[in-house]
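**Q** What follows is the residue order along each chain.
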Amino acid sequence: MEDKNRFKTLSVPLDVLIDVVSIIKETELQNEITGVNVNRSFIELKIEYQNGLGYHQRAIENIESILDDYNHYRFEELETDWRNS
Amino acid sequence: MIKTCTYCKKEFDAKRIDKNYCSASCRQLNHLQRKAVEMFGVSVKAENVKASIDTLSENAKTDEQNVKTVLPEVLKEEEQTPAIVKEKKEIEKEYRNMPSRFIEEVTAMYKSRSVKHSHKLISEDKLINKNLVWINIRLRCLLEAVLFISERNSLSLGDLIEITNAFINLIKSEQFKKLPENYPYRFFVKDFRNKLKRVCIENSDAEDVPLKLNRKLKIELIVYRCELREVVTKIKFSELNFKNE
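Taken in order, these protein sequences are the chains called A and B. If you read the first sequence in the numbering used here, its first letter stands for residue 1, the second for the next number, and so on. If you read the second sequence in the numbering used here, its first letter stands for residue 1, the second for the next number, and so on.
Rather than coming from a laboratory, the hints here were simulated on the basis of the structure. There could be a bad hint or two in this list.
For lysine to aspartate or glutamate, the following DMTMM-like pairs were computed, each having C-alpha atoms within a straight-line distance of at most 20 Å [what the hints assert, rightly or not]:
{"no.": "1", "chain 1": "A", "residue 1": "K46", "chain 2": "A", "residue 2": "E32"}
{"no.": "2", "chain 1": "B", "residue 1": "K212", "chain 2": "A", "residue 2": "E32"}
{"no.": "3", "chain 1": "B", "residue 1": "K236", "chain 2": "B", "residue 2": "D159"}
{"no.": "4", "chain 1": "B", "residue 1": "K234", "chain 2": "A", "residue 2": "E77"}
{"no.": "5", "chain 1": "B", "residue 1": "K218", "chain 2": "A", "residue 2": "E79"}
This is chain A alone, in the form it adopts within the complex:
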């Protein structure tokens, strides 16, 4: 039997963390913080969602859209060193 629960790991910057957490709270998505990067100000968030469940799907798309927009404005590439990036 196919497992309907899927997982998605996202890097969530501090700037939009409150927005992402609001969506998770609102839609009751199961989540786990799997990492914290203090030097880049983001957290690694593992989200469990039910595949095929519309509102879960839309919530994930909502979060990904926010992260895409953020990355579009904030980064051109993921810098590792301010002098040589």
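Given the coordinates of chain A, work out where chain B should sit on it, guided by the hints.
**A** Chain B alone, transformed into the frame defined by chain A:
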């Protein structure tokens, strides 16, 4: 004692004087016949009544079985849709995209500024254009660096002084002095240089300095970076000279 059955009219040996039916079956059938007369006002053959009743009974049993068969499925479905699932279905219907306030603020500022300022970055004067490009490349590089270090826990005082000096040299450069009056980042560059100098002075004894931007300033820097991205390419800090060329 020989008697005649009230229902089938056959003779039978009655053990008791009050016995009117040859069998329990005839007694039952006679009872049914009487009931049929009472209910429908007509006399029908009890066998037909019994057959109908038997059919009804069978149907009733079947219905009962159906009810017993269907009911668990209905209950099972009910069990599968407890209050929380129903609530989730309601959420599904009502789900609305939740925008990011941070992104909304960046977008709003970016759109409002691009209308007013983006065209000012391009001039028909080649010399002014050359100065603009020279400054914009360095300013973009510095904004990238400041955004990067502001997201770190802290940075060394030496690194902060290096970036502050780059801002100071940029402002002192001939190219900066020759910029048109309406250059959109003129005030920002000078103001930010002053802020960096203050942080350096306040942390002159520290090894590591936290450089945190408030929300408004960070949005401002992100928007400026996006505007500059449209007109100049990204060049590494280590490859740029911030003094006059």
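**Q** For every hint, state whether the structure bears it out.
**A** Quick rundown of the hints versus the structure:
no.: 1; hint: A:K46 x A:E32; result: holds (5 Å)
no.: 2; hint: B:K212 x A:E32; result: violated (27 Å)
no.: 3; hint: B:K236 x B:D159; result: holds (15 Å)
no.: 4; hint: B:K234 x A:E77; result: holds (10 Å)
no.: 5; hint: B:K218 x A:E79; result: holds (17 Å)
When held up to the earlier numbered hints, the structure conflicts with hint 2 and nothing else.
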